[in-house]
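Participant: Keeping their order, the protein sequence lines are chains A and B.
All residue numbers for the first sequence refer to the numbering used here, where the first residue is 1 and numbers rise by one.
All residue numbers for the second sequence refer to the numbering used here, where the first residue is 1 and numbers rise by one.
There could be a bad hint or two in this list.
[Stated by the list, open to error] Footprint (simulated), chain A over chain B, 3 or more residues, beta carbon under 8 Å: (1) 21-31; (2) 86-99; (3) 127-137; (4) 142-156.
Treat the hints as calculated values from the structure; they're not laboratory data.
C-beta: ideal position from N, C-alpha, C; glycine also.
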Amino acid sequence: MLSELPLVIFTIIAQMSVGSFVVLGLIHLLGGRAGRDVIDKVSDPALYAIGPILALGLLASMMHLGTPIRAINALGHLQSSWLSREILFGLLFAAIGGAFALCQWFTWLTPRWRQALAGLAALVGLALIWSMSMVYLLPTVPAWDSWATPVRFFATTVLLGSLAVGAALVVTADVRRRRGAAADEASDALIMSSLRGIAIGAIAMLGVEFVVLPLYLGRLATAGSVASNASADTLVSTDGGYAVAQLVLVFLGVALLGVFLSRLAKRFSTAVQFQLLAIAPVAAFVLVFAGEIIGRMLFYASYARVGL
Amino acid sequence: MTDKSTYKQLGFYLDQSACTGCKACQIACKDKNDLPVGISWRRVAEYTGGGWSQDEVLGTFKPNVFTYYTSVACNHCEDPICVRVCPTQAMHKGTNGIVGIDPTVCIGCRYCEWACPYGAPQFSADKGVMTKCNFCQDFLEQGRDPACVAACPSRVLDFGEIDELRTKHGHTADIEPLPDPGITKPNLVITAHKNAQKSGHGNGTLANPNEV
Chain A
1 MLSELPLVIF TIIAQMSVGS FVVLGLIHLL GGRAGRDVID KVSDPALYAI GPILALGLLA
61 SMMHLGTPIR AINALGHLQS SWLSREILFG LLFAAIGGAF ALCQWFTWLT PRWRQALAGL
121 AALVGLALIW SMSMVYLLPT VPAWDSWATP VRFFATTVLL GSLAVGAALV VTADVRRRRG
181 AAADEASDAL IMSSLRGIAI GAIAMLGVEF VVLPLYLGRL ATAGSVASNA SADTLVSTDG
241 GYAVAQLVLV FLGVALLGVF LSRLAKRFST AVQFQLLAIA PVAAFVLVFA GEIIGRMLFY
301 ASYARVGL
Chain B
1 MTDKSTYKQL GFYLDQSACT GCKACQIACK DKNDLPVGIS WRRVAEYTGG GWSQDEVLGT
61 FKPNVFTYYT SVACNHCEDP ICVRVCPTQA MHKGTNGIVG IDPTVCIGCR YCEWACPYGA
121 PQFSADKGVM TKCNFCQDFL EQGRDPACVA ACPSRVLDFG EIDELRTKHG HTADIEPLPD
181 PGITKPNLVI TAHKNAQKSG HGNGTLANPN EV
């Protein structure tokens with residue numbers, strides 16, 4: 001279960017970063033009524049947090065290498081290797097996303113140009129997740145060579161991205177409150193509606209994961225090759241406990257957010273209630289993050305190759 | 001004597017029907033290339049299976065167990081998946097059709113190791129890069145046979161221009177526990193053992209998974 005830990009960290013963090021960026025973009029697009037100032041105030045801290053986290057992920061990917069000093073050589077085979085493309089899109093996403101964050105921080109460029117920059121970064125980010133999925137579609141590794149790989153990578157992207165943003169929004173608001181900032185109804189309203197959207201997105205992705213996993217396992221277990229049998233055996237028997245833990249953690253996290261929102265959504269007027277509400281998105285994120293980490297560890301543990 | 005340093009495409013030949021599984025080829029390779037514990041560019045897979053079969057008339061049982069050996073190194077494939085997926089182009093198709101690795105370019109990401117269905121590229125933790133069979137290119141230039149071929153006491157291992165090997169010995173390479181040759185088009189020709197099973201249709205098991 002501990003194989004390829006640098007890659008577990010890299011892929012999870014990269015997916016979470018892209019997901020967060022896209023979800024923040026959606027908040028900007030859909031939260032238009034709140035006004036640009038309110039949206040920027042609520043969402044900018046989350047945006048700035050993505051940078052250092054993504055840098056950590058890219059650093060982790062280098063720890064996977066036998067000769068990290070030459071890491072840049074990984075860009076050398078774009079015409080044929082998805083791994084080269086993955087690294088290219090990873091660096092481009094970091095660069096364009098970083099440029100957007102700088103412009104946002106220093107209010108460089110017009111809002112419209114900044115928006116275009118953010119849109120471009122989001123597209124490149126999605127290309128990153130796509131090429132990251134394609135890396136694993138090796139015809140010699142039946143456990144990975146499945147439509148389920150891109151579906152699950154994108155589900156993780158949306159799930160972790162949205163829950164990370166949810167947690168970041170309430171933590172930001174909570175910190176501001178503790179520092180004695182005046183209550184800001186417009187911001188609170190935007191956070192609440194964002195959380196509702198996030199909960200709906202998370203529930204949808206939970207559904208995707210819970211539908212895809214049994215279909216994928218069933219296909220793998222009945223494929224009949226030595227390699228696919230070995231992988232299926234790892235997933236349901238050797239590391240079956242982890243597989244259950246993954247599903248339970250992700251389910252609990254999403255359920256927690258859903259229940260708290262439906263219970264408390266209508267009466268969060270006092271600071272105490274808001275603080276109470278803030279716990280739910282953070283706990284939901286922690287649970288789902290742990291579940292997704294275990295899921296990704298299982299993904300690598302399930303590696304088995306045809307032939308010798 | 002033909003010049004042993006220029007070929008269109010080199011390949012290996014194995015007469016599996018007479019291979020005793022002695023592993024002299026494996027040891028000769030390890031010795032010649034000074035390979036550390038954990039790295040074996042040439043390995044010998046032992047595939048075994050069978051059980052009991054019942055005589056229809058007499059109702060008696062007799063054993064039908066089998067074992068056969070497959071000596072495998074890099075097959076310097078026509079369509080090498082290692083070269084296809086390598087992000088640095090360190091893995092490349094070079095002179096004589098040999099698939100080589102440039103250790104000054106390789107970053108040790110081990111993606112080729114994930115992909116190759118013959119287990120040919122192997123990671124050296126000491127060097128931080130991949131290593132693999134280079135067909136004893138230096139021996140070829142001296143007019144000598146590759147170490148594995150030279151060491152085979154049963155003379156079942158051979159090498160040469162793949163077209164000539166195929167003219168002489170046929171096209172078989174789809175034998176368990178080897179993968180479907182369609183994946184990478186290996187430059188490998190095998191004279192099958194009498195109990196050899198077709199790739200993907202075997203009912204035996206690899207008896208020495210830790211050695212290959």
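Participant: Now tell me, hint by hint, if it's right for this structure.
Facilitator: Hint check results:
1. Note: the region 21-31 of chain B has 0 residues with beta-carbon separation from chain A under 8 Å; the three-residue rule is not met and the coverage is violated.
2. Counting residues of the region 86-99 of chain B whose C-beta sits closer than 8 Å to any C-beta of chain A gives 5, which meets the bar of three, so the coverage hint holds.
3. Residues of the region 127-137 of chain B with a Cβ under 8 Å from some Cβ of chain A number 4, which satisfies the need for three, so the listed coverage holds.
4. Counting residues of the region 142-156 of chain B whose CB falls under 8 Å from any CB of chain A gives 0; the rule of at least 3 is not met.
In this structure, the earlier hints numbered 1, 4 are contradicted, and the remaining ones agree with it.
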